[in-house]
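There are 2 protein chains.
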Amino acid sequence: MKLASLMHGRDGRLVVVSKDLTRATDAFPVVPTLQAALDDWDRYAPRLADLAETLEHGSVPSFRFHEHDCAAPLPRAYQWLDASAYVNHVELVRKARGAEMPESFWTDPLMYQGGSDSNLGPRQAIRARSEVDGIDFEAEIAVVTGDVPMGVSSAQALNHIRLIMLANDVSLRNQVANELAKGFGFVQSKPPTAFSPVAVTPGELGASWAGGKLHLPLLTQLNGKPFGRPEAGIDMTFDFGTLIAHAARTRPLAAGTIIGSGTVSNRGTEGGPGKPLAEGGLGYACIAEQRMVETIARGAPTTPFLRFGDSIRIEMKTAAGHSIFGAIEQEILPHAE
Amino acid sequence: MKLASLMHGRDGRLVVVSKDLTRATDAFPVVPTLQAALDDWDRYAPRLADLAETLEHGSVPSFRFHEHDCAAPLPRAYQWLDASAYVNHVELVRKARGAEMPESFWTDPLMYQGGSDSNLGPRQAIRARSEVDGIDFEAEIAVVTGDVPMGVSSAQALNHIRLIMLANDVSLRNQVANELAKGFGFVQSKPPTAFSPVAVTPGELGASWAGGKLHLPLLTQLNGKPFGRPEAGIDMTFDFGTLIAHAARTRPLAAGTIIGSGTVSNRGTEGGPGKPLAEGGLGYACIAEQRMVETIARGAPTTPFLRFGDSIRIEMKTAAGHSIFGAIEQEILPHAE
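Respectively, the protein sequence lines represent chains C and U.
Each residue of the first sequence is one higher than the one before, counting from 1 in full-length UniProt numbering.
Each residue of the second sequence is one higher than the one before, counting from 1 in full-length UniProt numbering.
It should be emphasised that the hints constitute simulated quantities derived from the structure, not laboratory data.
One or more of the hints may lead you astray.
Stated by the list, open to error - A few chain U residues that don't get close to chain C, going by computed Cβ distances all over 12 Å:
(1) Thr25
(2) Asp133
(3) Glu179
(4) Ala278
What the hints assert, rightly or not - Only some residues are given here: those of chain C computed to face chain U with a beta carbon under 7 Å:
(5) Leu110
(6) Asp117
(7) Leu180
(8) Lys182
(9) Phe184
(10) Gly185
(11) Val187
For each residue, glycine too, the CB sits at the ideal point set by N, CA and C.
All chains should be modelled from the sequences, with the hints used to inform the complete structure.
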């Protein structure tokens with residue numbers, strides 16, 4: 001089943017979307033918003049699934065689905081916890097800074113609580129004060145949970161995953177170091193996060209969803225040109241079950257909690273940093289990583305961070321080449337005072 | 001105007017409460033939940049204020065108000081950003097650890113994004129896995145904002161404060177150091193936060209609310225005995241306008257955002273750490289601070305962190321001795337698997 005929230009008020013208008021993302025039907029007769037559906041999933045999910053089936057058969061009134069009409073699946077969410085599950089990415093960042101990464105990072109997940117009060121739809125612009133902040137994208141996989149009890153095990157945690165989507169965890173790189181040093185996490189360095197047009201149930205992903213990981217390449221483009229296609233199922237040190245269990249170790253998580261994987265990142269074939277697409281590698285899911293590799297190789301980065309007018313695209317396709325979640329496609333624009 | 005959410009479903013049932021906290025009337029004819037009221041405050045606030053006035057006059061059906069029936073005013077919120085505005089507190093913590101505090105902490109607020117998906121009502125128990133985690137309370141002032149535009153000034157920010165309440169930012173002290181070192185903020189060291197029974201509009205506080213600070217003592221009790229009464233209006237390095245502006249520097253804040261002051265903390269009369277109540281001081285708003293003062297004075301703490309069966313009470317009274325927000329009164333209990 002594929003679900004989207006069309007732009008409407010603060011919480012969007014829930015629609016069921018066809019597998020091929022061409023048509024949609026209003027979920028209102030079942031439940032008006034995705035948060036309301038998640039609040040009582042056992043009751044609503046079967047009815048939404050029925051609606052999805054009638055939509056596929058063409059036996060329910062439907063309309064053309066346009067990704068640009070979408071808000072984030074949860075336009076505002078009660079919780080967004082973003083991890084750094086691809087530890088390779090973290091190691092690279094530290095290396096570029098000349099800093100050692102603690103060994104414990106391989107066993108104790110990094111996770112921060114992010115803002116989720118103003119999530120961006122897949123076509124909403126990234127608004128920044130200044131290019132000087134070092135605007136970057138971070139392409140990630142994210143899951144939406146139901147209610148998760150405190151102390152859940154990693155294995156049990158997987159049963160609480162309701163939906164999967166893509167995320168762009170926008171980062172202001174030149175604000176990160178100061179906030180990291182303070183130790184209190186990210187407030188000013190993380191503006192609103194954008195999410196894919198569509199959220200899908202794990203069942204929709206077939207064999208690509210296994211072991212709490214999504215085994216497909218994550219496709220990114222910068223200004224219309226391919227930038228990366230790292231494999232989301234490879235080098236993910238902590239699967240989503242482990243991430244949820246980490247988050248729920250000392251507290252319960254309420255329905256509608258979003259957990260992010262952190263920037264997808266693969267090692268190179270020799271175990272070191274992966275190569276850019278232009279050099280035959282899989283490329284990257286954020287600019288910072290390409291800059292790190294440039295710094296390690298040549299002493300200084302050559303790829304700039306995002307500038308006003310730049311655009312970024314994030315998508316994932318089935319082996320047959322069909323878009324699963326629709327695309328995040330955002331322009332970077334100056335914040336209008 | 002005083003508002004509360006009685007326990008009911010996930011979002012509570014909004015009621016208007018009399019100034020003396022003895023009676024309440026259902027807000028349902030106006031708006032069913034506090035979040036819905038905040039979403040369209042200009043429309044609903046005048047009608048809720050009218051209801052409050054008729055309640056005071058006894059000209060609307062009402063019922064006995066019981067604090068123990070209350071959920072948090074926002075049982076789940078889209079955002080909880082907690083600061084450390086009483087820098088004295090931060091300096092003391094570092095001193096007890098033998099660590100230097102950066103000078104920038106006096107000008108650049110510390111603020112972390114906390115969980116707000118499962119806020120606790122004022123009488124709900126604090127559930128912890130183990131006393132070994134170092135369970136502590138932190139008594140704070142918190143404000144609820146309307147929609148705040150990105151880049152708001154400190155002065156303008158004050159106009160976006162809709163409500164004020166008390167908070168108990170429960171902390172697991174022995175988890176804090178590890179998470180601080182990781183730099184990503186607090187996930188496991190901050191279980192759900194509890195809030196006072198009642199949230200009040202700034203106008204309700206009269207002259208006590210001035211300059212973005214609440215000028216009254218914050219009363220804490222541990223196991224029924226007075227523990228502290230520090231002045232919330234004194235030694236608050238950053239007022240709420242400054243804290244909101246800090247949070248909104250690179251992103252907007254959505255209606256229903258909660259901003260916390262951090263643990264209220266006063267310096268002693270000679271400029272050093274304040275004294276415990278037993279030694280003629282104003283005491284503290286968390287146990288850690290008393291332990292720090294003990295450590296600084298005698299080399300080791302003597303007051304233990306919270307144990308199962310302990311209880312903590314947080315309240316604030318007018319100069320005439322009337323409770324303003326009702327009391328947070330929580331027992332510490334083991335988490336039932």
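Checked hints:
1. Thr25: Given a closest Cβ separation of 27 Å, the condition holds.
2. Asp133: violated (7 Å)
3. Glu179: The claim breaks: Glu179 of chain U does not keep its Cβ more than 12 Å from every Cβ of chain C (closest is about 8 Å).
4. Ala278: Given that every Cβ of chain C is farther than 12 Å from that of Ala278 of chain U, nearest at about 32 Å, it holds.
5. Leu110: With a closest approach of 5 Å, the Leu110 of chain C hint holds.
6. Asp117: Nearest chain U Cβ about 4 Å off; hint holds.
7. Leu180: holds (4 Å)
8. Lys182: Constraint on Lys182 of chain C satisfied, holds at 6 Å.
9. Phe184: holds (4 Å)
10. Gly185: holds (2 Å)
11. Val187: Because about 5 Å separates Val187 of chain C from the closest Cβ in chain U, which is inside the 7 Å limit, the hint holds.
Going through the hint list in order, the structure does not satisfy hints 2, 3.
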